[in-house]
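No gaps in the numbering here: position 107 of the sequence shown is 168 in my numbering, and each next residue is one more.
A hint or two may mislead.
As the list claims (entries may be wrong) - Below, in silico cross-link-like pairs of lysine-lysine (DSS-like), each with a Cα-Cα straight-line distance of 27 angstroms or less:
#1 142 x 178
#2 104 x 145
#3 194 x 142
Read the hints as simulated data drawn from the structure, not as lab findings.
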Amino acid sequence: MNAAISDKLWSVGFFMIIQGADVPLHVQLKNLIWMQIRSGELKAGDPLPGERQLSQQHGLSRTTVRQALNELVSDGVLYRKHGKGTFVASGKFEQNLTWLRGFAEELRDKGLSPRVKVLAAEMRPVPEEAAYKLHLQAGQQAAFIQRLVSVGEEPLFVDRTYLVAQIGRMVLGADLVSTPIYVIVEQLGYPIRAGEQTIGAVSLSEEDAALLGVNPGDPALSIKRLTFVEMDSPIEYTEVLYRADRYQYSTRLQRKPMAGTS
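All chains should be built: construct the whole structure from the sequences, respecting the hints.
Encoded structure:
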């Protein structure tokens, strides 16, 4: 190493931050933190030291540390909780579009333990869009359920569900925290047969942003789903708002053969 550069090394594991190297210092710090996550030294939900501590630990300015953390937050590697600090994110959760499963049910199937907080569970007049989908009159009574679902301390999505009154009244009396709504419905004797869903992009309102721990106007995935039981009867209409930095969807596509080819 060239002594004229006055290189100063700060080592974590096998990775070193080198003062005077060609790679910018904030990029070196980003790589260091990323390697700590990849090695398992830092796990999802673990808190990071504060800017001052990282600055002192690695001999960097707080501006450099802040730039590295901001970029890792932007990349979805870290996330911030107001007044509590910076934490390791869980990564993006992938949902397959082939099978009809509840949104929290999908997380459980991946071996995760979602935390469900019921924000509302009551009978209320159904709004126009949900009424149209459920073949009801606007203002007619329906069961309304609103939940916030997190993994660890990190909110992932908020959902708002309307169920036709015949089934919904019974669902409201069930355990909405630990039992998926689809499971409850089927246990009541209504096998779910199919669903239709639309995926779009929206900007979060102040209310939803506060629930999800992000900023108003931040992007989110909006999933609107209509669920059917036998005889193509719609029984549930749900809108789910996912943090855009935490979810992605996957599906397998097949190309239709061209006419005249085998």
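So which of those numbered hints doesn't the model satisfy? When the structure is compared with the hints, only number 3 turns out to be violated.
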